[in-house]
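J.: Listed here are the chains, written in short residue letters.
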Amino acid sequence: MKHSIWLVAALTYAQDSYFIKNATIHPVTGPEIVNGSLLIENGKITGIGTKLVAPKNIKVIDAKGLHAWPGMMNCATQIGLSEVSSVRETNDTNEIGDFIPQVRAVVAINPETEHIPVARSNGLTAVLTLPATIAFGGGGGGGAAAGSQSIVRGQAAVIRLDGWTWEDLAMSQNAGMLVRFPVIQMASFSFPAGRTEIPFAEAKRRYDGEMRKIDEFFEKARRYQQAKKAATPNFLADVQLDAMLPVLEGKSPLLIPAQRERTIREAIDFAEKHKVKLVLFDVRKPGAQLARIAEKKIPVVVGQPTDLPMDDDDDYDAAYSLPATLHKAGVKFAFATYDNQFARNLPFEASYAVAYGLPMEAAWKALTIDAAEIFGIADQTGSLEKGKSADLFLSDGDPLEMRTQVRMMFIRGKNVSLENRQTQLYKKYLARP
Amino acid sequence: MKWILVLPAVLLAQESTVIQNATVYTATKSAFVGSVAFTGGKITAVGGKIIVPPGAKIVDGTGLHVSPGIIDSHSHIAVQGFGVNEGSVSVSSMVRITDVIDSEDIAIYRALAGGVTTANILHGSANAIGGNNQLIKMRWGVTAGELMMEGGTKSIKFALGENPKRQGNPTPQSGGVARYPATRMGVEDIYRQAFTETRAYQKAKADFKAGKTTMAPRTDLKLEALAEVLEGTRLVHCHAYRGDEMLMMMRVAEEFGFRLATFQHVQEGYKIAKEMAAHGVAGAGFSDWWGYKMEVADGIPFNMAVMTKKGVLAGVNSDDAGLMRRLNTEAAKAMRYGGLTEEQALALVTLNPAKQMKVDHLIGSIEAGKSADLVIWNKPPLSSYAVPQKVYIDGKLYFERDKDMSDRGRRAAAKKALEDQLKQEAPAEQKKGGVPGRRGPASEGTAQ
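First to last, the sequence lines map onto chains A and B. With this note's numbering, the residue at position 329 of the first sequence is 329, and numbering never jumps. Every position in the second sequence, counted from 1, becomes a number in this note's numbering once 1000 is added.
One should not assume that every hint holds.
[Stated by the list, open to error] Cut-off 25 angstroms, straight-line C-alpha distance, at most; resulting in silico cross-link-like pairs (DSS-like, lysine-lysine):
no.	chain 1	residue 1	chain 2	residue 2
1	A	Lys427	B	Lys1379
2	B	Lys1310	A	Lys428
3	A	Lys328	B	Lys1310
[Claimed, not checked] If you anchor each label on the Cβ, the simulated ranges turn out as follows:
no.	chain 1	residue 1	chain 2	residue 2	range
4	A	Pro199	B	Glu1425	18 to 24 angstroms
5	B	Lys1416	A	Lys328	18 to 24 angstroms
6	A	Pro111	B	Gly1168	33 to 39 angstroms
7	B	Phe1032	A	Val87	27 to 33 angstroms
8	A	Pro199	B	Gly1081	15 to 21 angstroms
9	B	Glu1367	A	Val87	54 to 60 angstroms
10	B	Lys1416	A	Lys273	30 to 36 angstroms
11	B	Thr1341	A	Val107	54 to 60 angstroms
12	A	Asn57	B	Phe1032	31 to 37 angstroms
13	A	Asp396	B	Lys1358	36 to 42 angstroms
14	B	Thr1341	A	Pro199	35 to 41 angstroms
15	A	Pro359	B	Gln1424	49 to 55 angstroms
16	B	Asp1060	A	Gly47	33 to 39 angstroms
17	A	Glu385	B	Glu1367	50 to 56 angstroms
Since the hints were made in silico from the structure, they are not lab data. For glycine and all other residues, C-beta sits at the position ideal for the given N, C-alpha and C.
All chains, full assembly: derive it from the sequences and hints.
T.: Pasting the structure below:
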């Protein structure tokens, strides 16, 4: 028995152990190490510094001229749930029902999705997979993928971008509860009709109705929690309400897309009223709520810096410069692309934020450790530190620069491929006579 | 006498400007530190050392970078409302984007602030044969008529694949009746029918001119535009994704004796680069779009590099008001994916689109005689951190980052004054709540 365990360990060692030397190491949580070494054993980082000696029989990688970085994390995608966003059959986002907290993204993630190797190729090692699309003012919408306009939309998952099954991929099976917070929506969008105006009275009526419903649902869930705790004799288990317990216990945050000041204010009020944790998504125009977000230490997944400003009279660089503004105010934030198609462009979302005023160090934190902290996986990943999973990549320069090449990647110490269907097509047709 | 008086006045009005000691990227050769001089809207000299005209305005470019103005060969900004698609018929060559240009679209200013100086505003892709396009310059603040590029070529939009056959496959949501065609086979037929009809129209006109007939054929605006295509005086920019459909289009064009100017989007250009090079059609598309519909399933970010290496004139464009502001970094992606050089990459959004639209004698590079459409950047133009500081069009300064920023206080105060006024005037229920922004892969004519 003992013998067989030792054998398994030895095999794993050979697979997921490396000594990377002569690299410029960027731990993110500490200063840059020039000419440094990284020791990876059994998938974990066990040494980092300039005076390490390679253990016997370990694979040595000479990273001369290369830089080592923790893998980046995209904090809003539908990776694994959506293959081709306009083809309904390839989408498992957006389940039906107003309140569906029991719906779990993790169980429907396809480990073989092409979006995983494509995202890896630019230095991403983890993504947050949302159970629904976030589009058009935090509502549903979004072409053929829009199955419903649910309010409590289900549980998000954090996955590493290498694994055999969804269980193997999962870093956090329940990373938060996605909520479409009611807004006074003055227009609806559909394809190909475009924009349809909604009269104010109608929009306000819908908003009031939804606000009442969401309040009542949270009250009901709280009473369910109390009944369960009290083990009342007539207590009946309820799958839907049971799924709310991690939220009510403060273990799992609400993930609320809130672009504008008013929605942000109401989302914070709501979270305070119901005593639940909150992560704000797709923040674009926080206005006077910025100070409150900072003061309450509410984490933010920022709207895409490369998106257009929301309103015609916004400063032309309003979206580019928002991350710098959040940083100055002391808000902890992370980056996301909110889709799969452009998930690999995450580093370039950060580079535009840097171009318009965000310090480089803050950008790297947002891409790695801050993202990991916001979703509760910083003990596993997010920086190059002893004891953490070896989720990292080597590049020949600054990964936020377009011309830089990602050379190697390790996830849980495994040297993962940077090839994908696109690189295969490239090679095939480049060689066409 | 009059002549003698006028000449000095013209010279006086034409003040020279020299940008000195900047790193200059001409789009035709490697970057160097030097100067660019322009007078009367045209570049007069460029080089390491140039003669500074007397009285010239000097712009210190120390530590800065100068590139040609960015050219977007596929945009739908500055079009009024949802007027980009005349989607009621499969052949709409009679309509013109020229007639619906909106000079007050804020997207013009935002594109300008991203270094764009010229854009081709295309008709949408709902029809196999779309409408006629319009080249504009980003002269923010002028009227619609003054936006139009002087000397710009005439062109028309064609479209293949999912978009033109969409109305042949109506859904309960779209509500309509099926409009031919419903397949890529039908799309080919639309072209062959239309050009056969055009040939007959041309013959009827020629016969009348030659005195063979007594009655002139009635002028047909739809066929007039297509006749220009057959005569080679109107360029065809053809929306296409798949290699097979592009091959079909080239063969139809060859059957009717004309050449296509560009394939737009051209996602699978890398698969048929050999055939494209032989036909002489250019490839103008996205850097890295894929994964949002079936016909982009094989879109690869290496497309620009493969087409370039195989002799196709390649260019990157936006089809999107947001992306339009970042075409410099979109071009730079061709260095990451496929290893193009800096010069090759910059040409993807400057000289190459100018060539694709046959206006490279006017714009597209920093060369004497061309329009002084210039961008001064704080970092090399292909860097992810490059921010345009000044943008000139025809030698006139249209964007200055410092000025935009220093003006923000005044604009905020003006807005507040307007809001206060509205609050006093409007009854409470008319005050608007938030209007949601838009998200998702942006419009490609039919808004995707």
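J.: Take the hints in turn and mark each one as holding or not.
T.: Results of checking the hints against the structure:
no., hint, verdict
1, A:Lys427 / B:Lys1379, "33 angstroms, violated"
2, B:Lys1310 / A:Lys428, "14 angstroms, holds"
3, A:Lys328 / B:Lys1310, "48 angstroms, violated"
4, A:Pro199 / B:Glu1425: 18 to 24 angstroms, "20 angstroms, holds"
5, B:Lys1416 / A:Lys328: 18 to 24 angstroms, "23 angstroms, holds"
6, A:Pro111 / B:Gly1168: 33 to 39 angstroms, "37 angstroms, holds"
7, B:Phe1032 / A:Val87: 27 to 33 angstroms, "50 angstroms, violated"
8, A:Pro199 / B:Gly1081: 15 to 21 angstroms, "20 angstroms, holds"
9, B:Glu1367 / A:Val87: 54 to 60 angstroms, "47 angstroms, violated"
10, B:Lys1416 / A:Lys273: 30 to 36 angstroms, "32 angstroms, holds"
11, B:Thr1341 / A:Val107: 54 to 60 angstroms, "47 angstroms, violated"
12, A:Asn57 / B:Phe1032: 31 to 37 angstroms, "53 angstroms, violated"
13, A:Asp396 / B:Lys1358: 36 to 42 angstroms, "39 angstroms, holds"
14, B:Thr1341 / A:Pro199: 35 to 41 angstroms, "57 angstroms, violated"
15, A:Pro359 / B:Gln1424: 49 to 55 angstroms, "43 angstroms, violated"
16, B:Asp1060 / A:Gly47: 33 to 39 angstroms, "51 angstroms, violated"
17, A:Glu385 / B:Glu1367: 50 to 56 angstroms, "54 angstroms, holds"
Comparing the model with each earlier hint shows violations of hints 1, 3, 7, 9, 11, 12, 14, 15, 16; every other hint is respected.
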